[in-house]
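Protein chains in written order, with numbering that gives the first Met the number 0: chain S, 0 to 146; chain V, 0 to 411; chain Z, 0 to 116.
If you're looking for bench data, these hints aren't it; they were derived computationally from the structure. Be a bit skeptical, because a hint or two may be false.
Computed cross-link-like contacts, DSS-like style, restricted to lysine-lysine with a CA-CA straight-line distance of at most 30 Å [as the list claims (entries may be wrong)]:
1. V/Lys270 <-> S/Lys132
2. S/Lys85 <-> V/Lys410
3. S/Lys2 <-> S/Lys85
4. S/Lys2 <-> Z/Lys64
5. Z/Lys115 <-> V/Lys314
6. Z/Lys109 <-> V/Lys314
7. Z/Lys116 <-> V/Lys314
8. Z/Lys116 <-> Z/Lys100
9. Z/Lys100 <-> V/Lys314
10. S/Lys79 <-> V/Lys1
11. Z/Lys116 <-> V/Lys1
12. V/Lys314 <-> S/Lys146
13. Z/Lys92 <-> S/Lys2
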Amino acid sequence: MTKRSRHFWIEAVLLALVVVSVAAAITVSELSPLTKDDLRLEIADLRSFAQDGAQLINQHLAGQTTQTFFDSQAEQIKLKVDSSLKTLRNSSAKPEIETDRQQAVGLAQQLSSEFDRLSTSQLELERSGPRLKTLGKQLREMEERMK
Amino acid sequence: MKNILEVFLGILTAMGGFVEIGELVFTVNAGVKFGYKLLWMVVVGTVGIIVFGEMSGRIAAVSSQPVFYFIRQRAGYGAGLLTLIAANLASLLTCAAEIGGIAILLKLLFGGNYFLLAFLTLVFLLLVVWFLSFQAIERIFGLLGLLMLVFVAAAFWLGPDWTSMASGFIPSVPQLETTSDYFVYAYFAVALLSSIMLPYETYFYASGGIEDGWNPSAINQNRIIVIVGFSLGALLAVALMIIGALYFAPLLIEPQMPGTAAMAPAFLFGKWGLIIALLGMFFAFSGAAIENALTGAYNISQFFGWNWGKYRVPKDAPRFHLAWMIMFVLAALIIFTGVDPVEVVEYSIVFSIVILPLTYLPMLLAGRDTDYMGPYANGWLAGILGWAYFVLICIAALAAIPLLIITHGGKG
Amino acid sequence: MSEHHLDIIRQVLDRQLVDANHNHCGKVDDVELELKGEPKVIALLVGNEYASDRLPEFARYVSRKLFGRRRLKIPWSEVSVITDDIKLAQDAKEYGLDERKGFVFEFISKLPGAWKK
Numbered sequence: 000m001t002k003r004s005r006h007f008w009i010e011a012v013l014l015a016l017v018v019v020s021v022a023a024a025i026t027v028s029e030l031s032p033l034t035k036d037d038l039r040l041e042i043a044d045l046r047s048f049a050q051d052g053a054q055l056i057n058q059h060l061a062g063q064t065t066q067t068f069f070d071s072q073a074e075q076i077k078l079k080v081d082s083s084l085k086t087l088r089n090s091s092a093k094p095e096i097e098t099d100r101q102q103a104v105g106l107a108q109q110l111s112s113e114f115d116r117l118s119t120s121q122l123e124l125e126r127s128g129p130r131l132k133t134l135g136k137q138l139r140e141m142e143e144r145m146k
Numbered sequence: 000m001k002n003i004l005e006v007f008l009g010i011l012t013a014m015g016g017f018v019e020i021g022e023l024v025f026t027v028n029a030g031v032k033f034g035y036k037l038l039w040m041v042v043v044g045t046v047g048i049i050v051f052g053e054m055s056g057r058i059a060a061v062s063s064q065p066v067f068y069f070i071r072q073r074a075g076y077g078a079g080l081l082t083l084i085a086a087n088l089a090s091l092l093t094c095a096a097e098i099g100g101i102a103i104l105l106k107l108l109f110g111g112n113y114f115l116l117a118f119l120t121l122v123f124l125l126l127v128v129w130f131l132s133f134q135a136i137e138r139i140f141g142l143l144g145l146l147m148l149v150f151v152a153a154a155f156w157l158g159p160d161w162t163s164m165a166s167g168f169i170p171s172v173p174q175l176e177t178t179s180d181y182f183v184y185a186y187f188a189v190a191l192l193s194s195i196m197l198p199y200e201t202y203f204y205a206s207g208g209i210e211d212g213w214n215p216s217a218i219n220q221n222r223i224i225v226i227v228g229f230s231l232g233a234l235l236a237v238a239l240m241i242i243g244a245l246y247f248a249p250l251l252i253e254p255q256m257p258g259t260a261a262m263a264p265a266f267l268f269g270k271w272g273l274i275i276a277l278l279g280m281f282f283a284f285s286g287a288a289i290e291n292a293l294t295g296a297y298n299i300s301q302f303f304g305w306n307w308g309k310y311r312v313p314k315d316a317p318r319f320h321l322a323w324m325i326m327f328v329l330a331a332l333i334i335f336t337g338v339d340p341v342e343v344v345e346y347s348i349v350f351s352i353v354i355l356p357l358t359y360l361p362m363l364l365a366g367r368d369t370d371y372m373g374p375y376a377n378g379w380l381a382g383i384l385g386w387a388y389f390v391l392i393c394i395a396a397l398a399a400i401p402l403l404i405i406t407h408g409g410k411g
Numbered sequence: 000m001s002e003h004h005l006d007i008i009r010q011v012l013d014r015q016l017v018d019a020n021h022n023h024c025g026k027v028d029d030v031e032l033e034l035k036g037e038p039k040v041i042a043l044l045v046g047n048e049y050a051s052d053r054l055p056e057f058a059r060y061v062s063r064k065l066f067g068r069r070r071l072k073i074p075w076s077e078v079s080v081i082t083d084d085i086k087l088a089q090d091a092k093e094y095g096l097d098e099r100k101g102f103v104f105e106f107i108s109k110l111p112g113a114w115k116k
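Generate the whole structure from the sequences, applying the supplied hints.
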């Protein structure tokens with residue numbers, strides 16, 4: 000083999016190794032079960048979304064947002080909640096935190112339904128706000144417990 | 000008199016263009032998580048971008064040579080090509096994040112389908128860059144980006160405690176609860192540094208200087224614009240951190256969307272505060288998207304020696320123009336995959352700091368080269384600061400990816 | 000920069016080529032030397048064939064597959080002035096270095112406003 004073609008193959012193999020290792024690392028991390036930290040972070044996200052939603056409702060009721068903003072922002076928060084819910088549902092968890100995972104799934108589902116239920120009726124919104132805040136508190140308690 | 004106007008507009012433009020979606024999200028969240036304790040990093044980052052902005056502007060004014068000329072000359076073809084690919088990838092990701100952010104903002108303002116709005120954003124950006132002159136683009140988006148000052152007003156309104164703020168400006172590692180908190184703190188410090196010193200800013204600034212026809216007489220003008228403009232822009236970053244600390248932290252909200260950030264001015268100033276905030280972000284993000292697409296085109300044209308610049312008749316620089324169009328289209332395609340723009344910008348910020356040493360070293364070497372720069376080479380201050388920052392960004396570059404992994408993307 | 004010395008690495012290689020009408024014509028990708036007797040520069044070499052020679056093997060292969068093996072020689076006699084750029088005596092077209100041809104030019108030049116100053 001000439002020196003040049005030797006270098007070619009060495010470089011090609013090295014590059015392939017790097018690509019494969021990165022792909023493998025990503026796959027492994029996606030497929031591995033949720034650790035306590037992973038779960039806590041998902042719960043923290045959900046807590047933030049719940050509080051975001053509660054504050055959005057409060058500010059909308061106070062006339063500080065437009066209807067378009069309210070609808071679009073609520074839709075976006077819900078998308079994120081659903082994405083977290085999907086992650087929690089579809090991953091396995093380490094046995095010691097399985098109960099916590101199921102509890103988190105439950106809370107996430109309630110959160111998602113609250114966003115589904117958001118209507119333009121003033122009365123309904125006045126009820127949804129506090130419900131979201133309560134969910135936020137519950138998620139916060141879970142989060143603190145898991146630290 | 001004309002010169003004073005030029006400088007004044009330049010300052011306002013630099014200020015209005017200081018914040019883009021990555022900086023917005025990171026500064027607000029830094030405020031939520033750590034209160035005022037990372038204010039010192041805003042200062043460190045701002046001084047850094049002033050040092051390198053001034054240097055790249057001075058090099059462009061003296062030699063009429065943009066950054067990628069001397070990257071290729073000093074690093075050679077192979078290393079230079081690597082830098083080109085890395086820099087353009089970073090700009091592509093940033094551009095994509097801005098486009099996604101703009102689509103979100105349009106949806107918040109007008110409603111509609113996100114992907115359709117992303118497509119309209121693409122068309123809007125293509126038309127703006129094709130039909131408007133460089134100066135018009137700079138001015139329009141820079142000046143209208145000043146609508147972001149509503150966040151500064153909001154920060155004042157929230158009544159921060161100036162004494163506790165003051166202590167935040169002193170570089171220190173605060174007392175935190177757990178070990179992982181320290182890693183998150185370090186991660187945010189690195190991310191803040193990177194988001195303020197993004198590589199595209201110096202590339203764009205230098206190329207822009209050449210577009211504007213700078214020569215050595217423009218050096219003082221460059222200095223004033225960079226020092227005053229970027230410092231005022233940093234005020235905006237400080238304001239966002241204050242808003243994070245005083246408004247979002249007590250509510251237990253970690254803003255992951257531009258709409259959430261706008262809720263602070265909405266709370267304090269009502270619907271008008273909301274709309275001004277959304278529009279301000281629209282122009283700031285648009286400006287950043289345009290700068291990144293043009294930077295990609297500048298970089299590749301300057302590296303391969305093609306005709307470049309909006310100052311040329313378009314048909315005389317066909318490859319340059321196709322290049323920025325392709326940047327926009329690829330960026331939009333990234334957004335069409337449905338990926339979250341805020342996640343994209345997080346990766347682009349981490350990637351940017353990793354490649355920042357590659358960018359700054361050739362600039363430092365060119366800046367101090369008296370063959371090149373004659374009497375305008377780096378003085379002692381630019382020299383010392385330049386090297387000090389180079390060491391700092393090397394450390395940050397090495398720490399960035401490990402920190403990203405350890406902290407699960409800055410969450411803990 | 001002395002009048003009697005030309006540092007080929009620092010002042011010629013990777014420098015910008017500019018034609019008689021101030022158009023950019025690419026970079027000096029390599030330099031052809033005559034080494035018999037007194038070493039002399041014969042020509043400037045432009046094109047991916049020469050540029051990719053400076054890359055590691057695998058990168059050279061990929062670069063050639065993607066961007067071709069364009070090869071152009073500019074005789075040293077065509078160099079008129081060397082300052083920060085390498086100025087050539089004639090228009091880019093004479094050397095085959097004009098970028099105003101091909102499908103990129105066709106596309107851009109057909110857009111409205113492409114010919115406006």
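Outcome of the hint check:
no.: 1; hint: V/Lys270 <-> S/Lys132; verdict: holds (23 Å)
no.: 2; hint: S/Lys85 <-> V/Lys410; verdict: holds (19 Å)
no.: 3; hint: S/Lys2 <-> S/Lys85; verdict: violated (53 Å)
no.: 4; hint: S/Lys2 <-> Z/Lys64; verdict: holds (21 Å)
no.: 5; hint: Z/Lys115 <-> V/Lys314; verdict: holds (9 Å)
no.: 6; hint: Z/Lys109 <-> V/Lys314; verdict: holds (9 Å)
no.: 7; hint: Z/Lys116 <-> V/Lys314; verdict: holds (10 Å)
no.: 8; hint: Z/Lys116 <-> Z/Lys100; verdict: holds (19 Å)
no.: 9; hint: Z/Lys100 <-> V/Lys314; verdict: holds (10 Å)
no.: 10; hint: S/Lys79 <-> V/Lys1; verdict: violated (51 Å)
no.: 11; hint: Z/Lys116 <-> V/Lys1; verdict: holds (24 Å)
no.: 12; hint: V/Lys314 <-> S/Lys146; verdict: violated (61 Å)
no.: 13; hint: Z/Lys92 <-> S/Lys2; verdict: violated (39 Å)
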